[in-house]
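Visitor: The task is simple: from the sequences and hints, build the whole structure.
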Amino acid sequence: QKEVEQDPGPLSVPEGAIVSLNCTYSNSAFQYFMWYRQYSRKGPELLMYTYSSGNKEDGRFTAQVDKSSKYISLFIRDSQPSDSATYLCAIYTGGFKTIFGAGTRLFVKA
Amino acid sequence: DTAVSQTPKYLVTQMGNDKSIKCEQNLGHDTMYWYKQDSKKFLKIMFSYNNKELIINETVPNRFSPKSPDKAHLNLHINSLELGDSAVYFCASSQEYLNTEAFFGQGTRLTVV
Chain A
1 QKEVEQDPGP
11 LSVPEGAIVS
21 LNCTYSNSAF
31 QYFMWYRQYS
41 RKGPELLMYT
51 YSSGNKEDGR
61 FTAQVDKSSK
71 YISLFIRDSQ
81 PSDSATYLCA
91 IYTGGFKTIF
101 GAGTRLFVKA
Chain B
1 DTAVSQTPKY
11 LVTQMGNDKS
21 IKCEQNLGHD
31 TMYWYKQDSK
41 KFLKIMFSYN
51 NKELIINETV
61 PNRFSPKSPD
71 KAHLNLHINS
81 LELGDSAVYF
91 CASSQEYLNT
101 EAFFGQGTRL
111 TVV
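If you read the sequences in order, they're chains A and B. Under the numbering used here, the first residue of the first sequence carries the number 1, and numbering increases by one thereafter. Under the numbering used here, the first residue of the second sequence carries the number 1, and numbering increases by one thereafter.
Please note that a few of the clues may not be correct.
What the hints assert, rightly or not - Covered stretches of chain A, going by a simulated chain B footprint (3 or more residues, C-beta under 8 Å):
1) 41-51
2) 94-106
Stated by the list, open to error - Chain B is nowhere near these chain A residues, computed Cβ spacing over 10 Å in every case:
3) 7
4) 15
5) 18
6) 24
7) 26
8) 70
9) 80
Simulated from the structure, these hints should not be mistaken for laboratory data. The beta-carbon is built from N, C-alpha and C at its ideal position, and this holds for glycine as well.
Guide: Listed below in structure tokens is the structure:
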């Protein structure tokens with residue numbers, strides 16, 4: 001079993017839709033969870049991170065961690081064409097190491 | 001003013017050649033990384049350096065040799081390039097106490113022919 005699993009998509013939604021992106025992970029000891037956004041031919045950039053369980057909101061983005069299910073989610077409200085990108089979940093495992101999901105390609109149609 | 005910069009952006013080379021990728025960060029970070037992203041966008045850590053010291057070497061072939069002359073620079077030298085080395089290589093950096101936030105360069109797209 002991979003340490004972190006993410007459906008690569010692609011996911012195509014109309015503008016204004018609510019988008020739900022998800023990852024599962026295997027090690028219940030993980031505590032730091034991140035979401036990165038990567039535009040085509042660019043490096044990933046951090047969107048937000050959460051520590052342990054709970055929700056974190058930043059504008060139209062909400063990150064959610066359910067440690068009991070080992071499930072992390074990113075919700076995007078009122079999605080825009082500019083949100084079209086690959087979204088990578090990431091987990092800091094300690095010891096200067098971060099593992100990434102495969103990334104989900106999102107297309108928001110105008 | 002680019003935070004993490006890599007050169008070159010594109011690299012096309014023949015099998016068997018040796019090539020280097022340079023990385024510099026102006027964020028004052030203590031930790032730098034090399035990641036490899038394959039054609040399916042899977043991003044995998046290769047090396048991690050903290051204060052110029054190698055911390056992580058993720059079972060990368062010996063043909064790959066990172067070098068950190070100072071905290072702001074982390075270069076990657078690849079010997080005897082193989083077709084399977086074709087990928088996008090990303091340099092990144094983070095503050096030691098906040099390794100949850102990494103800043104990535106724009107990537108170097110390596111194509112081995």
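Visitor: For each hint, tell me whether it holds in the structure or not.
Guide: A quick look at each hint next to the structure:
1. 41-51: Check passed, 7 qualifying residues.
2. 94-106: Per the Cβ count (9), the hint holds.
3. 7: holds, 12 Å
4. 15: Holds, because the least Cβ-Cβ distance between residue 15 of chain A and chain B comes to about 24 Å, which exceeds 10 Å.
5. 18: The assertion about residue 18 of chain A holds, with a minimum of 24 Å to chain B.
6. 24: Holds, because the least Cβ-Cβ distance between residue 24 of chain A and chain B comes to about 16 Å, which exceeds 10 Å.
7. 26: Fine: 16 Å to the nearest Cβ keeps residue 26 of chain A off the interface.
8. 70: holds, 18 Å
9. 80: holds, 22 Å
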